[in-house]
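Can you build the whole structure from these sequences, using the hints too?
Spelled out from the first residue to the last, the chains are:
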Amino acid sequence: MSDRRSQTPSRVTVEDLLHMKRTERPPPEFWAGFERELRQKQLAALVKRRSWWHGPAATFSRFGWLRLPVGATAVLAVTLVSIRHYSASDRYRDEPRGVLAGEKAVLPTKPSASSPESKPAESVSATPLSQSMISAVQAMPKSPEANVVASDALRASSEQIVEPIRRVDELHDRADYSSFGQLAGLPAIQLGAPGDVDPMLVDATAHLGGFEDRSISTLRPHRVAEALPTAVAVTEQRRSRLLAALGSAGTYTPEPSAPEHAKRSVIRYLAEDGWDRSMSRLQAEADRLSIRF
Amino acid sequence: MAFTKALSKTLVMTPERQQEADSDWEVVRRVQAGDVAAFDKLMRKYRERIYSVIYNLCANREDAADLTQGTFIKTFQSINRFQGQSSFFTWLYRIGVNATLTHLRKNRLRTFFSFEQFTEEEKSSEIIDALTDKTGADRAAFVKELQEKLNEALQKLSIKHRTVVTLFEIDGLSHDEIAEIVGCSVGTVRSRLHYAKQLLQAELQSYLR
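Chains as they are written, first to last, in the working numbering: chain G, 381 to 673; chain P, 8 to 216.
None of these hints come from the bench; they were simulated from the model. This one's a predicted model, so the numbers in the text were calculated from it and none came from an experiment. Cβ coordinates follow ideal geometry from the N, Cα and C atoms, glycine included. Check each hint, because a few of them may be wrong.
Using 25 Å as the maximum straight-line C-alpha spacing, the simulated PhoX-like pairs for lysine-lysine come out as follows [stated by the list, open to error]: (1) G:Lys421 x P:Lys167; (2) P:Lys167 x P:Lys156; (3) G:Lys421 x P:Lys52; (4) G:Lys421 x P:Lys48; (5) P:Lys81 x G:Lys421.
Anything over 10 Å on all C-beta distances counts as not near chain P; from chain G, calculated [said to hold, decoys possible]: (6) Asp396; (7) Thr403; (8) Pro406; (9) Leu418; (10) Ala425; (11) Gly444; (12) Gln617; (13) His641; (14) Lys643; (15) Met659; (16) Arg672.
Listed below in structure tokens is the structure:
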């Protein structure tokens, strides 16, 4: 035993203990099973369909060194696009906002010569021109016929209103506020100073297809003037669609006649004495006469 | 400067290693050319060493077997991408070590140990003789206890330190090779090794004479 001890290392180190770990080996029969399992797994891996993203991922992994410059360029591009986008939207925000009821006009102008004592409350009341537009617009969704009539009225009104508003806008751009007096009496002046858009007109046009309250409220008068023909165009499109639908159905007549019994009752009523006393409203519109009792 | 750095990073191999790497490269090229059976030669050559490394890292026989098989499957699937820029065995080790580290990180909280038995060889017998005078059943019990303590101490190391210790002390790789496999500098390898040995020494103090 002492001989054996003399042959052994005098001092056992950590390295010696770790060398003993090398002797922790599986038995030889383990490798036969290992190889068999490996074959099966290899076959399974060959048969298994790889996901679609493995191909592009492997391709991109070859260009791993490009990750940093490409990523930096992408971030820079996104930043620039964002800055451009937000600066464009800020341009609208910086312009004078339109004034609805209760909002104060931001135009730093001299008061108009034609209406020096005009107050914000006055601009709330609808002008006759805008009133006709409002009634036309409000009549639109009720029936196809009303839609047609309303679109005609709206187009006529917008054509009347566009030109003076353009003139006002030109004067505003030139800062020629003294010439506003020359436009006194024109329908556009009834809309008030730039930014004082008739709220009823705004409300009416805001409910047309393609318009929102927000976009209208932030527009200056010349923008409203630009928007009105668009509104008419939208109405025209609806009218065309309606005509096409009715025309294909074969039921549309340009001048629809009331049912016979209604006609007879109206004639009988008009033949009676004193019918005019019970009349509450008589309205003439284009080639149409409407009476309300 | 960059050239010097790149040069210093290249693996300095002994002539035996170089010869081994060359022969491996020949076999790899045959596999790449379509000779699938040639891969078996590589697999049989390295399976025990790969298994040993993985086993000492995860301390579980079953997991080690699965991970070794997975390593060879992954190597086979990717062998066409191997360009011979490093030696095949370094590349194979890197795949195996990375797979094991991923497995250990995933299953950090679910750890089961199952160890192989010590096979008494001449060298290990000498060490055991130095540690104890016991014979027979007492000696076997002592060896079992020593094995448990040794594995316990190794499992107390962090994954990084355990990897370096396993590759250097158990598998016998050089610092350069370990640095290439692990993907860090040689200085880092030396530092980790030094720190790991200090910890092991503290843990196994009662067995050191």
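Here's how the hints hold up against the structure:
1. G:Lys421 x P:Lys167: violated, 29 Å
2. P:Lys167 x P:Lys156: The hint holds at about 20 Å.
3. G:Lys421 x P:Lys52: holds, 19 Å
4. G:Lys421 x P:Lys48: Given pair G:Lys421, P:Lys48 holds - Cα atoms ~18 Å apart, limit 25 Å.
5. P:Lys81 x G:Lys421: holds, 11 Å
6. Asp396: violated, 5 Å
7. Thr403: Violated, since 4 Å does not exceed 10 Å.
8. Pro406: The claim breaks: G:Pro406 does not keep its Cβ more than 10 Å from every Cβ of chain P (closest is about 6 Å).
9. Leu418: violated, 5 Å
10. Ala425: violated, 5 Å
11. Gly444: Holds, since 13 Å exceeds 10 Å.
12. Gln617: holds, 60 Å
13. His641: holds, 86 Å
14. Lys643: holds, 88 Å
15. Met659: At about 90 Å from chain P, G:Met659 clears the 10 Å cut-off, so the statement holds.
16. Arg672: holds, 82 Å
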